[in-house]
Each structure stands twice: as C-alpha cells, then as structure tokens.
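Number of protein chains: 2
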Amino acid sequence: MAPHPFKTLNIEETRIARDVVLAQHPDVVVDFREIFLQEPEKEGMKLFLDLEHSSKPGQSPTSKRPSRLAKCQYDIIGSDKIPEYHESIVDIGLKKRVRHEVIGKEHQASLTLWEFEILVEACKRSDEFQKAIAEFKLPEGFELVVEPWPYGGLDLGSENRRYFQGLCFAQDTRSGNPDSNFYAYPLPLIPILDAHKKEIIRIDRLATGGKGDSLTGKTHSEHIVDHCQSAEYVPELLPGGTRKDLKPINITQPEGPSFKVTDESLVEWQKWRFRVSFNPREGAVLHDVHYDGRSILYRLSISEMTVPYGDPRPPFHRKQAFDFGDGGAGNCANNLSLGCDCLGVIKYFDAVIVGSDGEPKVHPNVVCLHEQDNGIGWKHTNWRTGRAVVSRMRELVVQFIITLANYEYVFAYKLDTAGGITIEVRATGIVSVVNIDPGKTSDYGNVVSGGVLAQNHQHIFATRIDPAIDGHNNTVLHEESHSAPWDKVTNPNGNFYEIRKTVVNRSSGHDAAPEHNRTFKIINPNKRNPLSGNPVGYKFVPPPTQKLLAAPGSIQAQRALFTNHHVWVTKYRDDELYAAGRFTLQSQLEVGGVHDMVKRNEEVTNEDLVIWNTFGLTHNPRVEDWPVMPSEIFQVHFKPSDFFNANPAIDVPSTKNEASVLVGKECCLEKL
Amino acid sequence: MAPHPFKTLNIEETRIARDVVLAQHPDVVVDFREIFLQEPEKEGMKLFLDLEHSSKPGQSPTSKRPSRLAKCQYDIIGSDKIPEYHESIVDIGLKKRVRHEVIGKEHQASLTLWEFEILVEACKRSDEFQKAIAEFKLPEGFELVVEPWPYGGLDLGSENRRYFQGLCFAQDTRSGNPDSNFYAYPLPLIPILDAHKKEIIRIDRLATGGKGDSLTGKTHSEHIVDHCQSAEYVPELLPGGTRKDLKPINITQPEGPSFKVTDESLVEWQKWRFRVSFNPREGAVLHDVHYDGRSILYRLSISEMTVPYGDPRPPFHRKQAFDFGDGGAGNCANNLSLGCDCLGVIKYFDAVIVGSDGEPKVHPNVVCLHEQDNGIGWKHTNWRTGRAVVSRMRELVVQFIITLANYEYVFAYKLDTAGGITIEVRATGIVSVVNIDPGKTSDYGNVVSGGVLAQNHQHIFATRIDPAIDGHNNTVLHEESHSAPWDKVTNPNGNFYEIRKTVVNRSSGHDAAPEHNRTFKIINPNKRNPLSGNPVGYKFVPPPTQKLLAAPGSIQAQRALFTNHHVWVTKYRDDELYAAGRFTLQSQLEVGGVHDMVKRNEEVTNEDLVIWNTFGLTHNPRVEDWPVMPSEIFQVHFKPSDFFNANPAIDVPSTKNEASVLVGKECCLEKL
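Protein sequence lines correspond, in order, to chains A and B.
Numbering-wise (the UniProt record's numbering), the first sequence opens with residue 1 and increments by one.
Numbering-wise (the UniProt record's numbering), the second sequence opens with residue 1 and increments by one.
Everything labelled a hint here was simulated from the structure, so no lab data went into it.
Keep in mind that a hint or two might mislead.
Since the list gives no way to pick one copy over another, a pair counts as held whenever it fits inside one copy or between any two copies.
Distance condition first, Cα-Cα at most 30 Å in a straight line; then the derived BS3-like pairs of lysine-lysine [stated by the list, open to error]: (1) K414 to K539; (2) K656 to K260; (3) K105 to K197; (4) K131 to K539; (5) K197 to K56; (6) K271 to K42.
I would like the entire structure built from these sequences, with the hints used as guidance.
Encoded structure:
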C-alpha cells in the first residue's frame, strides 16, 4: 500500500520521481534543486480523510486514496549553458509526469546550498576580488572568509540575471580552531557573483563611516580590522571559560513518553492526533489536526519570513532575506542533537533531500518531538476547606531549527492539554554586522564590539493557518470590546462595555487592534456550542507587532507586501502556500502572495478559507546581542473558544510529582 | 545583631510591635489587622547598602544599620463600639511608637479575612435574608453558601459605612464532598452587611434575564437552580474520572540547586543576588537586585490590580475588586505544596501573620523558589564546520499564588541567565458567575454552563519597578522606530528607518505604541557602555493591552485612575508603594495613587525615580473557562540594553544533558 498521502516522500519514491524527470529530458544536463511531496488536492483529500477517520484503527481507506505526487524542481542546461528552470509534478504510482512548467526568466528558482560554493570558488579565481582584498593589511594569522548571501531585491532597471553576494570577514586562525568567530572582523566589500557565468562581476565597496559621514564615503584605513576585537562563543575559546556553578536539571520520563508515533508521521498524544511532514521550503508542517476526534486544522505551517535591513547606505538595501522562499527553511534545518536542543524523551523525524544529481539521501533528525511541563495549568483552592486542586500544563512540542549563515530560528508548534496550539519562534544566532571606523557610532545600528556595527533590521514572519473547525466550511470574524456611553437605561453606572463582532465577508487584510482587544475567531457557522449557543470556534489575538518600516513603494516594501497586514483571510486554493508568493529570490514585487490572493475579493463566509498571521520584531541590536544573541521569543496562541463544552484540561490529574524535593534550612535536600 | 533591614519581621519582632501598640492604648479594645515591616527610608538604606556591598562576605555593616520598624494597622474600639482605624510605626529596637495616624472616616481599612466570617454569621441571623432564601425552592440536598466579597465602589451620595456583600450559591451536598463546586448553582440575591453593626442591612435582588430583558427585571422562577448543571473539578467527583495516559515528567537536580539562600532572605544564583521579603499587601517583593556585583533594581513588586465587571445591571457595577488594596495579596497567599505548584528542587519561604489579638503566627510556604529550564537560550551552528553550540536558558523563579474567593493568580518573578527579569502573572481559578434564566443568552457575558452566566470583566495589574541602574540616579526614555521619507541623499532606496528617542523629563503617564515599536529604557545617564557609547540601561516593551473600559467619570473608572496609562514615571518618595493609593476598599476615587503622584510634575531625569507598568486582560469568558479556567499567562520582560559588554549568558555551558533519551523506531527508549 502507498504511504499515507501526507507523508514526506521516502527515498524510493524520490528516486522514482527523479528517474521519470530524467527520462523526460534525455539529451541535456538536469541539475536537480528539490524533489518533495506535492500534497494532494484538497477536494480528493477530504474524501480520503472522511473515510480514514471513520475507519477502524489500523485500517486505512484505499478506495479514495489520492495519488502520491512529487514536485520536482530542476535546471535544464542545454547547449547554450544557460540553465532553464523547470517544475514538474510526477505521479509516483504511475511513474509518469503529470504536470510540467518552464518558469519564465522573470523569476529565479530558490537557491541551493551548492550554489553558495560557486560564489566562494569564484572569489578565489577573481583577480579583481583578490586585488581588492589585498588592499587591506590583515594582521598575521587572519584569513578571508566569504559568506554567501542571496542578492536581495533586484534594483529597478537592472537585468534579471542570477546573482549572489558575499559578505566578507577575516578569521583569526591563530588558535587553529575552525570555529573562531570571524563575524567579529568584517571587511568592507561585497563581491557579486553571476551564478550562471560563475564569475565575480562586480565588487561593491562599503562605507564604514558613522554619524555625519556621507552614505558613500569610504573612510576606513587599510588596517581594517585592527580596531576590531575577538568575540568568541565556542566554549574552548572563551577567555574566562564557562561558568562552573550551573548544576544540571534532568528531565526524565520513567514511564516513557505520553505520545505515540506510528507510521513515522502520525502523532497521538492526550486526545490530539495529527500528522507531521517536512518539506524543503516550509520545514515541519502539521496536517489534519484533531482533538478528541474533532477536526481543528487541515494544515498548519510557517509560510515565510523576511529580514530587511534599515541601513540606507547602498548596497545594504539589498540585505533583505526571505528565508523560506529564497533558500528554503527545510533545506537549512539543523540536525538536532540529543540533550541540547530538547530535554526529556525525544523522538526525531528525518527528511529526505536530493543532490544536484537527484540522488536522495536522508536528512537526519530535522524535526524533534517532545513533551514538556509548562507550569500551572489550572488551580483552585477552596478557601473554606483548604483543598487545593492544581493541575499542570503539559505541552507537546514539534520543533525544527534553521541556520541561515549567521542567524538561527527555532520554530515550534506546541499543542497543550487545554486544547491550545501555540506557534513559537525564537530568534538567536549572530546578528549581521559591518565594519565601522574606530570611535564612531551610527544612526543605522549599534556598535556592539570594537569596529563592529550591528545594523538595525526587522524580522517579519508569516504563518499559514488552514482551519477545519469541525469541517472545512468556516468563517472568520473579529470581536472587539468597546466602552459604552453612560445611559440611564442601558448603562446607568457607566461600567458596561459592549462586544462588537465584525464578520470578514470577503478575502481581505486586517490589523491587530489591542486598544480594542481585537480577537479573531475562526468559527464553524453551521455548528453551535450547546451551552453558550455560540458557533464553535478557535480564537487568536494577533501580536500587534510593528509592520515593515521600509518606505511604501521601495523595493524592500514591494517584495514583502504580505507584511502590510497582521491578518489576511483568503479563500482556499490548492498550491497557495506561500505568503510572499512562489518566487522571492531577487524579486522586485510580491507576485502571487497574500496581497494578490485577497485581490480576488472572494466570499469567505462559510467557505474553505485560509488565515495568514504576520508578526515580527524590529531588532535594533543591543550590546547584549553579541556575539550570539539570547533568544528573542514570540508566541501566537490559538485557543478553543466555545469549541468544547468545558475546560478540556479539567480531567488532567492533579497528581503530586514525587521526584520533587525540598531545600531545607541548611540548604540540604529533603525528600518530602 | 538585628535582622537585615529588608527582612520580613519575625515572630519576636512582631510581638514587640504588638506590645508597644497595646501599651499605647490601655483602656480600649485593640483589634489588629496587620503588623508587618515598615521598610527603611531609602536615603538611610542607600548608605547601608553601599557599606554592605563593599563589606567582605559574611560581614554586615552595623554603623549605618537603619532601625527595624513595624507598621501596625489596627482598630480601636471605644465605648461607642464604632471602631476607629489607626496606623502606627513602632521602632522594634527602641520598643517605641515613632509615628501614629488616625485614619479619617473617608477611608476604609483593608479587610481582614475574619471580617468575612461576620458576613456569613450575620446572614444566618438575618430573618430578612432567611426569608429571601426561602423564596427559592432548592432541590433536595442543596445548601446555601454565602461568598463574602468587598463591597466595591461606594455609590455617590451614600454614607461611607463599612459594608460587605455576599454572593450566594447553592451547594449540592449529596456526594458528601465539601469541595463539590457550588459556583455552578448561583442564587440571584446579594446580602449587604454593615460590618460595624454586624447586621444585614439590605438584600439586593439580581436580574436573571437575557438579551432584550430590562436591567432590573426579575424574571426567574422559584426553582432557581433546576436548570443549572453540575460542574465538578475535584478529581473524585469528575464523572469520567481523570485521564490515565499522562505519564510523569520528573525534574531532578541530582547535584542540588544552583541557588543558595542564606539568612532566609538572601538569594544568590548565577551572578544574581537579591533579597526576598513578603508582606500582607503585595506578597513577595524583591529588593536590592544585583547582577555580577552591579545594581539593577532597588525594589520590585506587584503593586495593585483591579477587576471590574462590565455587567450594567445594578448592583453588578459594584463587582470591582482591588485585590491588593482591598484585602492584601499577601494575606490571600496559598500555602504552596511540593510537587504541584512547582517541580524540581524547591525552597519555600514563610511569612508571619497576626490574628486580631496581634498574636503572630507563621504563614508557611507562601513563596517558593526554584530553577527551571526555558528551552534554547542561544544557539549558533557554523554551517562550514557543522559545529553547533547550543546553550539553554535557565530561570530562577520566585513565585506566590493567591486565592480570592473564586479566582486565583500566580505571580512570578523570573530571573534568567541572560540578565533578564520577567514578571509573569497567570490568571486561573473559577470565573465569577450569576444565574441566567433557562435558554437565554446575554450581552453581558457568556453562558458557560446551564443557567450560569460568566460576566465579562477585566483584570488590570500594576507592577512597581524601583530601578537602580548602576546607582539610584536614573532616567527613563522611550525609543521608537519610524519609517523615513525617501530621499536621494539620506535614504536613496527607501529602506532606512529612524530611531527616535524621547526622554521623560517630568513625572507623567505614557502609553504603549506597538505600531512604533515603542520601547522604554531605564538608563543611568552618568555611565556609558564602553562599546556602544550609549548610557547603560534596561529596557521593556509595555504590553499594549486594553485599558479600563468603564466610562470615564464612572466610579469604576475614578477609583482606578492608575489604569489610564500603560507606563507611569514618578519621582521616588518613601512609602509610595501603591498604584491605586493606600485605601481602595469602597473608594470612589483613586487618592494618592500614581495619578496623583505624577501631578506633582517633578523632574525625573537623572533622579531617583519609579516606573509603574499596568497591563491586563479583557476577559470575555469562553465555555472552556469553566469550571476552572486554564491559566491565561501574561509576561513583561525587562532586558539589559547596553548594560553589559556582551551577552551575559555567553559563558553558560553548552553541556549535553545525559538524562535525555531517544524514542526509537519501535517507540522504545534508547539511551544515546
């Protein structure tokens, strides 16, 4: 029997897809970028899921099973040596290509990590670049490091060739430690690669001035890193070593985990049931999320993020990453290692990636699953009897972590015993820095170490929530609380406040409004809670974070139109997964993103709809963000709102944990 | 040697204070309300702390030691039997009263829990009340429960006598379980007690109607709880019992805790050093908070909270609690029990309370202290070498929990390894409900169970932050990020954004502005970070939560003027600890709260200043909040901002935790 329709493609399936593509392109070079699951069309999948959920455990419906499809992304390199980018869909069962698209030159395929190697090699070969580097007098023992980056937004009027840029640093190799932190020694030049020609076509020289200096003035001396300071983070290079007085906290689960994973994708835990998949662009995705046999979500994913920099000095306006669309969050996922990235009993999930020859291999441990305690879940003490009943909040965490050159993001979906789902993002890693002349400060960032300017920037994320609240026909509304006018009849003491509900009738963008406690509800208008009489639903309060600051109409803003609103509601269409559109690399304008989707002005009440939530962080670095920044944590909470008939966690036992101990008067441990 | 000046009064000291007071009032009855530490005046304390911090460990300065003072709050009951409320300050060392104040009749002393007993007793004795109750036909086995509440804001023009109100419920006693949840059976009447006369002086009848019904219509039948439903939460009464598949998570610290507590008040942990005290009004307070020998805060406390209800039907406008000012959060603190309220290695702190005779006794385990893991603290993977360095975030939690009739709040101060301080509040417990006629719904709340209307309400908290950023002279400013106009010279690509700083020059109130990423910084203008050149400081982003909704000028609004702004900056004065003023019980107007303090329009730059942060929750209940609501969690984060010269957690070891285990393919546990 074929794998479950939501399951990540396995190695065998991936090979079949590759072979079908190769057979279609016999006389050319095929350079593969990605092969991954093309998820089934929803209409067919609904029938399958209906059958699946009504089947007996262990049984799986076969009559309505959608075909296993692979999305294949590859370059065809013909005689002119200029790659042409193709996307095909292959039916694995039929071993047949069922869709084929040649992508126009106006778009660029997502980058692959091996393209980064081309930049590094081209720098080595480029006389111009080597000459530019030689202008600097690096101290003895310092060596050049080139850090490849996407090119950012293409300037208007420039030809859309495939470019990459390199940020340059010097690494102190005297310790012999390859993890010595080279970001502490930035060099003020950026080589630009034409990826098709595999040549450095230009070197951008960077300003290193401070307040009052012109945007283009090159004020630095040839002793470019002499005013920089070492900024190590690997423990063996820390001047003072690591602290010694942090004693271990061990998290053990002597009876094993409360979750069960079967079929390497189906997770069951505390009445929750869902599937996990993983793809190169979005990383971990949750599918078909149920609680106690009732449907809540069809699909949940992190869709996109953009990181624009606010330094106006050219070419820093091209520092703007789209870390999902440009290179793929899944591609950049860390191989998580036990005991550091999570504690407790941990289940890992693998993914499959392909090389440029299309040969698949396992990408191990890219997703981890574990339970954790999150403090008091609910408590009540009857003050008459003194009886306290306290039950803890347990969470199940599905986590993946990506590294994008200097930065890392920790993404987690947390499901809890009270029926809640939290999307959490932690931003950590090393802030992006440039060289600044000795003694100067800047309006464009903060000097976090000698000679090192951490530029002001933003991180704006988009999550995609495809709800299925007791079925696929849902409605979104927002609810606000408003002061009511004093009125002898209706509000004689002035304490009344009114709840106003506004239904989102057509696909559109909406904003957070914390001053009105604006809360978005995703309801099923066809089903009412028997107690309250309200439609069953889930709610969330969009974090009212600052939107994109780049001036309207600027390329930074135009390519990130998804940041214009905190909440978007669109009508569901197959394949519309990406908030900023399919193609973000070098884009000048968001095409096919949520901004375009809402333009269709579709009816979205009692329909199959999708909610997109954007939130972010304006990050003006502080010295404490150096050399590796402490996690900045964001959370969006989805909570049942008249979906259940009581607190779903009311049956969570209030058992006393016997492993906890007391510190006595003398600071010794006493077992109670 | 006398105890440390910040230490909670011990039993012996409390007795001395009581005896001094009794000696001052020889021929009358003295009913004590509270005896607790009167903290030293700051000017003297600064000298002491300077000496203390420059002393060798174990030594403590004696030359500058401030006197130990007790604040004594008591009623004097003379021949007219009408109590007169007094406050005295007693010098414990001198055994002498040093200050004495008779509080005017315009104010009411905070309530004591034994006053609640008077209400219950008076109800039993009141014929009128018994007759009113008898009008209802309660089912066999149901018994009356009277839940005493503060009276709320006094109506204008009414005489300021000392009142309490009782919310009435019926308890199903058929199970014989005294913890059967009586809140599920609300009765529509409220007896009003004159606490001095000890008599029920009035019975307010409650409307039970729904949408379209008048505010005063009494539409209910005599079978008042027949349409209500059982809503148990104690495990033995749950119809389905508790869930069986939640396996334990044990948190163990085989090498003991990383913290050290000496002198029953001094906590040292991971470069942090502070004192904990506890008082009847604010609960746990942190004093003299240092990191790595540098001062950050002089004092940190939760100052006040108000919970106004939005149901316009009289007398519900008088449902407005001030849980710190009315009855004292410390007085309502739970005796925390091991293994439920916290996990791991736990240290408890006791407090001292007095009976009405002034006799002190230990209030055990009112504060708990423990360490916890909070996930990834920082991480960076060098993608060239594959080397991942990941260090976890460790937190030290100082927690106390209060029960206020139906509701509970969990307050925690969390200090972390990255130099951050988080104030966390969890709201849980049972929402306040009233009876609603069968089948009706309401504009004033949500029907969460048969016949039970959970009224819309707000919770608004005020924290008091008395900073000492590298000294007592500090300045507050806020920093915003703003889009900059496109400009050929200064912003040629439109990506620049500008940081605007606004110094708070005079005592004043300010609001959150998330659309501008408004961030408040508390800086020491006299000391600069050597790397960035900025003044050293701490920052926080005030949660932009909804303000009080009661109409301006209403009594609910007038007595809670502290809710008018998210952030207040005032000049420090001794004894100004309470955001809503000293006296909140039955208040009609906030007197002496932050609203009054800022009116002094004082210079607050480079001064000893105090920051007050108000935040809250508009709580329109959902069915899932019943019968005990899942914790709603709020956090305010204070983070160093150019205070340190690098990430203070960079030396936290990245040791792999050996206790974690792997779930293998067959779901068995494998030790890695």
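30 Å Cα cut-off: does K197 pair with K56 within a copy, between copies, both or neither?
So K197 and K56 fail the 30 Å test inside a copy (58 Å) and across (69 Å) alike.
Given identical chains, is K414 near K539, meaning Cα to Cα at most 30 Å, within a copy, between copies, both, or neither?
For K414 and K539, both the intra-copy (16 Å) and inter-copy (28 Å) Cα distances are at most 30 Å.
How do K131 and K539 come out at 30 Å by Cα distance, when the copy is not named: within, between, both, or neither?
neither (59 Å within a copy, 45 Å between copies)
When no copy is named, should K656 and K260 be tagged within, between, both, or neither for a Cα gap of at most 30 Å?
Result: close both inside a copy and across copies, 24 Å intra and 25 Å inter.
Regarding K105 and K197, is the shortest C-alpha distance of 30 Å or less found within a copy, between copies, in both, or in neither?
For K105 and K197, only the intra-copy Cα distance (16 Å) is at most 30 Å; the inter-copy one is 89 Å.
When no copy is named, should K271 and K42 be tagged within, between, both, or neither for a Cα gap of at most 30 Å?
Only inside one copy: K271 and K42 sit 24 Å apart there, 55 Å across copies, limit 30 Å.
Violated hints, listed in ascending order, are 4, 5; each of the other numbered hints is respected by the structure.
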